[in-house]
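Q: Residue-level listing of the chains:
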Amino acid sequence: MFKKILQSLSKSQAAKPEAPRPAATQAKTTAVSAKTPAAAAPQQPAMPKTPEYLCEITPKMQRDQIQAQLKLLYRRYNRSASSLDPKIRAQADQMLDAIVIVREKHFGQI
Amino acid sequence: MAEYVGIDLGTTLSGLAYLKPDGNPEIVPNSDGERLTPSVVFFEAHEDVKLVGSAARDGGEPDRTIFQIKRHMDDPEHLVEIDGKKWTPAEISALILSKLKRDCTKIIGEITEVVITVPANFNELARKSTIAAAEMAGMKVKRLVNEPTAAAVYYAHTQGVQGRILVYDLGGGTLDVTILTVEGDNIRILTSEGARHLGGSNFDEILLAAYAEQYQKQTGSKLWTDERHRRRVLHATEDAKKMLSKLQRVNDTVANDQNSGIARIDLTRDSFEAMIRHMLTRTVMLVEQSLDSAKLRAADIDHVVLVGGSTRIPKVKTVLEKMFGKTPKSCGNVDECVALGAALVAKKSARIQEVCNASYGTVAMVYNAKTGEEKLMNSIVIPKNTPIPCSRTQVYQTSEDNERVIEVDITQGEDEDAKFVDIIGRITLEVPPNRPKGCEVAVTFSYDENQRVRALVVDKQSGRSREVAVSYKGAGVLSEDELKRKSAYLKTMRIE
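As they're listed, the protein sequences go chains A and B.
The numbering used here numbers the first residue of the first sequence as -16 and each following residue consecutively.
The numbering used here numbers the first residue of the second sequence as 16 and each following residue consecutively.
Derived from the structure by calculation, the hints contain no laboratory data.
Values in this document were obtained by computation on a predicted structure and should not be read as measured data.
Treat each hint with caution, since some may be false.
Just a sample of chain B residues kept apart from chain A, beta carbon distances all over 10 angstroms, derived [unchecked claim]: (1) S46; (2) H61; (3) D89; (4) Q233; (5) H244; (6) S275; (7) I280; (8) K337; (9) T401; (10) P404; (11) Q409; (12) R441.
Derived EDC-like pairs (lysine to aspartate or glutamate); straight-line CA-CA distance at most 20 angstroms [to be verified]: (13) A/K(-13) / B/E429; (14) B/K330 / A/D47; (15) A/K88 / B/E303; (16) A/K(-13) / B/D474.
Ideal Cβ placement from N, Cα and C applies to all residues, glycine included.
Hey, can you work out the whole structure from these sequences and the hints?
A: Structure representation (structure tokens):
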């Protein structure tokens, strides 16, 4: 059912490797699905970057969807938090803070 | 000669243990009479001597004192300049290891071969730097073992437990969570997850900020204006943190170095735990990630074992107890069990089944024939946590007509989004001309017992192939000659 075509990142400009960045930063420069709040950001620059916004959590999301999204983001940014680049590390730290705030809001404090 | 020796080269404390003739490990004290040596180095300006341990931590000038060098073991650009000489993290770690070796040799005899522990999430450069540090200090590394694994080996040895164990290792600088099974003498690692830059020193910094805020409120002045005084206050916050693990309330007084007056700091355990709550939530999320990685639920864990000085914080125990429905256990002194376990591993290493520390794969455009969707992604060939040794193959297709050179990126990381993994190498393979796109290419990754990874690319039509060892050979890795030279130089130094 799946066909896998080799791609080299050096050949593929679309997938040019970039340092991991928080969702809000990505929204400024990359084409993200129009369904996501991050994609809407450039059109609404005044929108406050709430923890939900950073974590791409929408009001319609179910509890299990929020949980899955937070787990994905935690795995992603916990890895970025080990980066040698202090900028990436600081951004990852900011995202991890946002993830924890959203988690506490939806699932309670530890 | 001491045959089985283990060393815990920690972020804040280091320790050496050896296996006694009765088969039980024992910590060997340093020449200052301490069982553990602070991982701090002071470069004395007036005498040609390097101080390591408590003397280095408690006195000296900040510009000449090196703390927490372990946090930089994977950074080839992190150099510490003292008196015009640039020291790498491996060289500074070698000074700490030299102190341990020289002091402990006087008690247990010559030490030539050791097992050294590293955080489970240490990358290849950090592991190579650790081995280089030991070699500079005149010791051959028999094996590197992950810290939680060493602690679990010690726990299983002393408690005689069987079943699934989750080790929660919250040290001075890092958090590691490892899940493993113990069956008789055999230990099988199921998964290891880690968080760098998350440990006791983060809690100290949070307390330091609280002290500074209180001081500003009470006196209207800054609590410190230079690094020397900031270090002193940091030391005081560390003491307060430790006391709050035993007491509900701590009163402290602080002053700055400008005679701006004294401020009284009132701390309660509750307020401290509230300050670090977000950090502890991160640790809980890592535990959840570990359970997910091992495809287990909290109820599947038989024993929760605490390792590392920061697990003395009562809230850590409470949170884990609530999560697992059972009381977490410590294996004696939480600061010593890693070194003790390492000494046991020195003898029993063959009985430990390790897993791949990371996922390896390549970048591919994946088409779903059913839905018509296509997605550029990190295509994993060998998943993290696969028991080693192992070998896995995936077949891909070429993307262009008349492609003369096939390029295969080697990725490390679990994320399916290629932007969130590391590209650690590339294999290029020349193939015959005039072929249509869609020719099959097999990509195989192999992982051996020594955690060495190899990648093999085979063009199925022409039979041409190329194999490479996937290893870090970049900046920061020393050649054999450099190692020998630095080792000889270190031998001439006075290290106290």
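Q: Now tell me if each hint is right for this structure.
A: A quick look at each hint next to the structure:
{"no.": "1", "hint": "S46", "result": "holds (35 angstroms)"}
{"no.": "2", "hint": "H61", "result": "holds (34 angstroms)"}
{"no.": "3", "hint": "D89", "result": "violated (7 angstroms)"}
{"no.": "4", "hint": "Q233", "result": "holds (28 angstroms)"}
{"no.": "5", "hint": "H244", "result": "holds (24 angstroms)"}
{"no.": "6", "hint": "S275", "result": "holds (31 angstroms)"}
{"no.": "7", "hint": "I280", "result": "holds (25 angstroms)"}
{"no.": "8", "hint": "K337", "result": "violated (8 angstroms)"}
{"no.": "9", "hint": "T401", "result": "holds (18 angstroms)"}
{"no.": "10", "hint": "P404", "result": "holds (25 angstroms)"}
{"no.": "11", "hint": "Q409", "result": "violated (7 angstroms)"}
{"no.": "12", "hint": "R441", "result": "violated (7 angstroms)"}
{"no.": "13", "hint": "A/K(-13) / B/E429", "result": "holds (18 angstroms)"}
{"no.": "14", "hint": "B/K330 / A/D47", "result": "violated (27 angstroms)"}
{"no.": "15", "hint": "A/K88 / B/E303", "result": "holds (18 angstroms)"}
{"no.": "16", "hint": "A/K(-13) / B/D474", "result": "holds (15 angstroms)"}
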